Amino acid sequence: MLDIKFLRENPEIVKQNIRNKFQDAKLPLVDEVIELDRQRREAQQNADNLRQSRNSLSKQIGGLMKEGRKEEAEQVKAQVKAQGDELEAAEKLQTELEAKVKEIMMIIPNIIDPSVPIGKDDSENVEVERFGEPVVPDFEVPYHTDIMDRFEGIDLDAARDVAGNGFYYLQGDIARLHSAVISYARDFMIDRGFTYCIPPFMIRRRVVEGVMSFAEMDAMMYKIEGEDLYLIGTSEHSMIGKFIDSETPEEKLPKTLTSYSPCFRKEKGAHGIEERGVYRIHQFEKQEMIVICKPEDSMFWYEQLWKNTVDLFRSMDIPVRQLECCSGDLADLKVKSCDVEAWSPRQKKYFEVGSCSNLGDAQARRLNIKVKGADGKKYLAHTLNNTVVAPPRMLIAFLENNLCEDGSVKIPEPLRMYMGGKDRIVPVK
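Using our numbering, read the sequence shown as starting at 489 and increasing by one per residue.
Hints are computed from structural coordinates only; laboratory data are not their basis.
A quick note: this is a predicted structure, and the numbers were derived from the prediction, not measured.
Treat each hint with caution, since some may be false.
Pairs of lysine-lysine residues, derived as BS3-like cross-links and limited to a Cα-Cα distance of at most 30 Å, are as follows [as the list claims (entries may be wrong)]:
1. K493 - K588
2. K493 - K866
3. K608 - K514
I would like the entire structure built from these sequences, with the hints used as guidance.
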C-alpha cells in the first residue's frame, strides 16, 4: 500500500505506474482517492476545531456556576451539547472517509522498481541467467506421476475419494524423498545463517489483508467457516504477520528467517496436462525464507534470496534459470520479483519451482511493522520472501533430472544422509 502523502504529491507517477502494470481501469481511483482524502482532512480539521471549542466552553461552565451565573452556565451547556452533536457527526464522517480512502489505497498497486521490464503478462517475463547445462537424455522420460507410480510412490485415486481432486498420497521412497528434500532445505538455510521457524498454519483476516491484495486473497485463501481464521497459502503470511504492530531497533536488523509449513490454495481455474498430477494442487509443503530489513538493504537481500534457491537446486544436480517478472506479472504489493525455474528433460523446457519477491514497505505499512533508528526516529521496514523449495512440485524436477535409463533415480550426495545413506532408489514395478 502506498503512502497517501506520496500519492497526493505525485499523482502522475502513480498513474504511470498503473499504466506500466496494464491496469488502466484503476486510473480514475487516483483522482478519486485524492478528493476523498481532501474531504477526510477537512472533516478531521472540523472535528479538531469542534473538540477544541467544546473543551474551552466546558471549562467555562464551572467558573460561571461558582459566580452564581446559572443562566449563562445553562446557555453554555446547551452550546456544549450542540457542539458535541456536531462533533459526533464530524467524527463519523471522518471515520467513513478514512475507510473509503483505505479501501482504495489497498487496490492501487505499489510503485515498481525502475529495473522491472515492462510487459503485459508472464509471457513477457525475461530470462536473466542459466545455471547448469540442460540435458535431454537419449531415453524417454515418463510423466512424473508415472515415474512415481513405478516406485508405488503415489496414490491419486484414493486421495480423490478422500478429499477430491488436487490432493495426493505419497508413499515409500517417494514420500521419504519428499521429506528428505524438506529436511535438507531446512538445514541448507540454517547453515546460511537463517533462523528456523515453524509458524501458525492459520491467520486472522487482518494479517491476510496485510500480506496480499484482495484479488489474491479471493483466488488463494481457504476461509475457516464461522471463525476469523484462514489457512495459509505459504508460511510467508504468518511469518510476516509475526511482526505486526512491532518496533524493531535498527541494530537488530536484518531478521533472516526460514520457515516450514503446509500450504493450502484454492488454485482456481482449469489447467493443462503439464499442470496436473502433483504440479498444481490444493495442499503441499514448503520451506520458505523471509527477511525484514532496512529499506537501503532490501535490494541486497533480494539478490541473496534468489541465489540461495539456485544454489540449493544446483547442489541436487538440477539445472535452473532466473526469470525476471515483468510489470504486468507482478502482484500489486511487489516492487520487484523473479522466478527460479527448473529444467524439465521431459518437456524440454523450464518450469517454475520458486518465486522471490521484494515488497518494499507495502506489507510493513499495512501491518505497522516499524524500525527504530539510532536517532530515535521510526520508519517502515522492508519485507522480502522467497521459496527455498516446495515439494512435491520440486520432485518433478528432481525425478526427471536424476532418472536413469534403468528406471532408478540417483540420490545426490547432499541428500543421502536424509535417505538412510542410499545413493539411488530402485523402482518396484
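Check: Among the hints numbered above, which are violated by the structure, and what are their numbers in rising order?
Finding: The structure breaks none of the hints.
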